[in-house]
Amino acid sequence: MGDRMKLRHKTRGFAYILPALVFIVVIFMIPLTYTVVMSFFRWNLLRPDLGIKMAGFSNYARLFTDSFTLDTVGRTFNFVVGAVFIELLVGLGIALALDTEFKGWKIVQSILLIPFMIAPVVVGYVWRFVLNSDYGPIIYILKQIGLGELVDKPLLSNPSAAMPVLIVADAWEYIPFVTLVLLAGLKSIPYEPYEAAFVDGAGSIQRFFYITLPLLKPSILVAVVIRTLTSLRVFDIVFIMTGGGPGTATETLAFYGYRTAFQAYNIGFSSAINMLTFAIAVVFTILYMKIIGGGKNYD
Amino acid sequence: MRTRFMMILLFVLLMVSCLAAPLRLSSEVGIHTDAWKTRMEGFTKETGIEVEIQQFPYANYLDQLMLGYTSGRVEIDAPYISMLWYPALSIANYIYPISDIPGYEKINEADIPGIRNAKLNGKTYIIPYMNELGGIIYRKDLFEDPVEKANFLSKYGYELLPPKTLEQYRDIAEFFNRPPNLYGVTLMGRRSIFLATHFMQRLWAKGGALLDMNMRPIFNSKAAIEALEEVKYMFQFANPAAMNYDFQEALNEFISGRSAMAEVWTTGMFYVEDESRSSIVGKAGFVGFPRPEEKLGQKLPMLYISWGFSVSSKAPDKEAALEWLLYVTETKNEVEAAPTGNIPARFSALNSPELVKSFPWIGDFAAAMENCIPTPIVPLIPEGGSIVSGIIAPAVSEFLAGTKTAEQALNDAVREVDRLMRDGGYY
Chain A
94 MGDRMKLRHK TRGFAYILPA LVFIVVIFMI PLTYTVVMSF FRWNLLRPDL
144 GIKMAGFSNY ARLFTDSFTL DTVGRTFNFV VGAVFIELLV GLGIALALDT
194 EFKGWKIVQS ILLIPFMIAP VVVGYVWRFV LNSDYGPIIY ILKQIGLGEL
244 VDKPLLSNPS AAMPVLIVAD AWEYIPFVTL VLLAGLKSIP YEPYEAAFVD
294 GAGSIQRFFY ITLPLLKPSI LVAVVIRTLT SLRVFDIVFI MTGGGPGTAT
344 ETLAFYGYRT AFQAYNIGFS SAINMLTFAI AVVFTILYMK IIGGGKNYD
Chain B
-10 MRTRFMMILL FVLLMVSCLA APLRLSSEVG IHTDAWKTRM EGFTKETGIE
40 VEIQQFPYAN YLDQLMLGYT SGRVEIDAPY ISMLWYPALS IANYIYPISD
90 IPGYEKINEA DIPGIRNAKL NGKTYIIPYM NELGGIIYRK DLFEDPVEKA
140 NFLSKYGYEL LPPKTLEQYR DIAEFFNRPP NLYGVTLMGR RSIFLATHFM
190 QRLWAKGGAL LDMNMRPIFN SKAAIEALEE VKYMFQFANP AAMNYDFQEA
240 LNEFISGRSA MAEVWTTGMF YVEDESRSSI VGKAGFVGFP RPEEKLGQKL
290 PMLYISWGFS VSSKAPDKEA ALEWLLYVTE TKNEVEAAPT GNIPARFSAL
340 NSPELVKSFP WIGDFAAAME NCIPTPIVPL IPEGGSIVSG IIAPAVSEFL
390 AGTKTAEQAL NDAVREVDRL MRDGGYY
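Protein chains in written order, with our numbering: chain A, 94 to 392; chain B, -10 to 416.
It should be emphasised that the hints constitute simulated quantities derived from the structure, not laboratory data. Source: prediction; values computed, not measured. Positions of the beta carbon are idealized from the N, C-alpha and C atoms, including for glycine. Be careful, since some hints might not be right.
[Unchecked claim] So the derived label-pair ranges between C-beta atoms look like this:
id, chain 1, residue 1, chain 2, residue 2, range
1, B, ALA10, A, THR104, 51 to 61 Å
2, A, TYR233, B, GLY286, 43 to 53 Å
3, B, ALA139, A, ILE204, 56 to 66 Å
Start from the sequences, fold in the hints, and give me the full structure.
Laid out in structure tokens, this is it:
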């Protein structure tokens, strides 16, 4: 192929990806760049008289020296790990149970999706209702079966219980998503390795650990990465169920970022918080790819 | 010649379009907005000025205004706003001093309690339309029940009346606390500005303050610690679920007849009188927030909430905006609109016999208003909201949750406010 042909080939290739590139730049890169830039400024929307001033790394210095921010990172980490772990465990269990063809499979699939289709705000209200210490059904049932002592103090007002409750509410919403991703993965595993394992006399546990799990890794990676990224941004259910309280027990990074941006109108510092969240998301994703993906490229 | 003709035509068209442009109002979605909306038609009939309104949910109304003004895209002439918002909007020159508009003197400021809060550097930026106070709404039927009165007298040694002192308030809450069917008091324990109000009311009643004259935070004083501890003390007479209540949930508990008192604000009375949802219609009264016995008779700060009209700096016809303000805040119009869900800002409207006859509690409210120093729920500086919602509310919540002592929570909050004020260039 001549040089001109090569160039034309490259140009044509570039033309094909240009729409996508424009889309990415407009939708992702511009806001991201803007956030990065703003994180180096001191800008308070409530104080336009102070102007927009270059702040250097002071917003970041505050992030890493402020014990509240570090505590908030810790709480967010607990939330993400707790929610993703439960979702993966339960989602995998349900996916394995449903990995058979049976009559009414479509109906089960639809029912399974219901929590995932509900808006997170509504999920927050639903859970707030079911946990109400006066008329919430869960509290009523716990009291009826003699576990009333556990809920003497309303769960959402109890600093030790509020975060686990949020994790459960979040897991309730997203387990269907994880289940469906894993189920799709299970359905794509060929039957031949199982046949070979049968012949070799492998039991069901061995088949699970040596065939199912390794071949399911790509699906697990997809589910875990997506859920980690979305959990890191958890806001709606925190806002509705606890408002970040009691105390600061359920204040997550996204909620802190919201408070900083829309209560204090401190755009610079809130941009720095968002950048921190972004950095944590990148670290999580790389870690997952190393651990689950074993460093493989799944392109 | 042709150019000149075109210029004149353009000028005439511009003038006509300006004359025909309606007055653009904005507001949150709420009952006092519903009240003044009933006046829009009458205003147009009387003045020939068309009025249109844009409404936003309360939760993002300020965001919409701020983002709109910042980007220069706001097309609102007279935003109806919370009094807490005007310092930020005026410092940024987004809103115009109404007192600079010719004809302002017709407003009659002396008739509007709390108007001093609407002034910055001697200029008025907002005309209150709705005024209310933080206080206690209580069950008149229970307080007037002869058996209850006798039992209370024998237990506490004095007559059961709406609480005037903090000591009486505690006793009454304890007396009526009969869970799970009746609680002594309804409080709002959810981490929010509502929770902070419980602390601030007590802080003021005990003679404390949030900031000193130099804008330095001083709410970790002995009085403040006592005030915070008293908030926690009162929660023992409230439904445990109240630890996560906001304003609406607190009201719901009270109007369903499940508590003897609710520490909310005057608007709550409209919900009490709403036959479609209240089970205690006609059975409640209002009293201003109590104070320590030794401070009886003194004029003390009391939590004051006000919404009113401001005028955008970019409003093309500020006189038309003032016309609207004069019309809608006229005593007659305030009285007529009130039953829809508004507590009038003018004394002359509050004392209207017609209104007091329909809503007897209005008289109690007017009396409370006259005997207090109406003090906005947050300091009237741009950082006010951050101080109360973002710093004090979490501090109160931490103490209630038991994760910090009162002293620790307040000291930490004072440090945070100090940093905020330094960043804001106050000192």
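Outcome of the hint check:
no.: 1; hint: B:ALA10 / A:THR104: 51 to 61 Å; verdict: holds, 53 Å
no.: 2; hint: A:TYR233 / B:GLY286: 43 to 53 Å; verdict: holds, 49 Å
no.: 3; hint: B:ALA139 / A:ILE204: 56 to 66 Å; verdict: holds, 59 Å
In the structure shown, no violation is registered for any of the earlier numbered hints.
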